[in-house]
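Chemist: These are the residues of each chain, in order.
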Amino acid sequence: MPYDAVSELSDESLLVLYSNGDRVAARTLSQRHLPRVLAHAYRMLGDRAEAEDIAQEAMLRLWKIAPDWRAGEAQVSTWLYRVVANLCTDRLRRRRSVGLDEAAEPEDETPSAGDRMQEAERADALQAALLQLPERQRSAVVLRHIEGLSNPEIAEILDCSAEAVESLTARGKRALTAILAGRKEELGYVDE
Amino acid sequence: MSMNKTEDLDLDLFFDAARKDSLQPDSSLMARVLADADALQPEAPGLPVAARATVRPVSALRQFLSAIGGWSGMVGLTTATMAGLWIGISPPTSLQSVSSYWQTTTEDSYIQQLDSYSMLMLEEEN
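Taken in order, these protein sequences are the chains called A and B.
Per the numbering used here, residue 780 is the first one in the first sequence, and the count goes up by one each step.
Per the numbering used here, residue 29 is the first one in the second sequence, and the count goes up by one each step.
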């Protein structure tokens, strides 16, 4: 099927096409979902190489389940976020079990020299602050405030109630605010 | 205002910055993902994979063996063929006397039948 025609189709239709041997469908699904899967994994782990491993594994699981995908039961994006969340949990648990000495170094929190753009510095500062949050708070804040998912969607991903999501995001935002408040000036966030 | 107060910090600025600065997959990761997709992609529809695996061209010899009951049938057929060939080339004496008896008997009865027929025809003519 031509790429232009395929790119208009829903995720579920693309999974059916993929299962029927269409080679363009996988490319379209990857272009649609891989960026957000990778970004979410990076925000959870703070390490590009690990995030790429997680993103590849999540997409691989999508290819595996494609022939058995049950239409109408879940959105592909929600399903992928859930897979990423579980894979990240496993990865973080493994990090804890090998000890802090062998864990990935946190991102450098000092402002980089010279001419880095303010927005990039803010993004880096947020990433560093996110990594200091408990895992579920981090996940809820990222999904709610960066990925823009609704509370019921996040509840499905984190396997909890919408009220619990509300509580997680509120506590997460309070903690982020406290962490970032100390860096306002260096991040160009000054009082008018 | 104090720089240490937290209530005037707008987190949305940071979230906006994070959205714009999202990590993007490079061509290497995309290639790995598509290679996985290619390796795991089911065959195009048609015969199911299991059925396709069992449908093989059947040779003439296999068809013939199947018709005569397999290799045991083939052995019996070969034995019978060889025995028939041997008897034809070099028949045993006892078999020769039996066949000559049958030959003679048949010829006699034929002559007898001819005679009876001839006699009957003659009677009708008369």
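Think of the hints as simulated: they come from the structure by calculation, not from any bench.
The beta carbon of each residue, even a glycine, is placed where N, CA and C say it ideally should be.
Fair warning: there could be bad hints in the mix.
[Said to hold, decoys possible] Straight-line alpha carbon distances no greater than 25 Å define the calculated DSS-like cross-link-like pairs of lysine-lysine that follow:
(1) B:48 with A:963
(2) A:843 with B:48
(3) A:952 with A:963
[Stated by the list, open to error] Stretch by stretch, here's where chain B covers chain A in the computed footprint (C-beta under 8 Å, at least three residues):
(4) 794 to 803
(5) 950 to 956
[To be verified] Just some of the chain B residues that point at chain A, by a computed CB distance under 7 Å:
(6) 39
(7) 43
(8) 64
(9) 68
(10) 113
Chemist: Tell me, in ascending order, the numbers of any earlier hints that this structure violates.
Modeler: Violated hints: 2, 10; rest satisfied.
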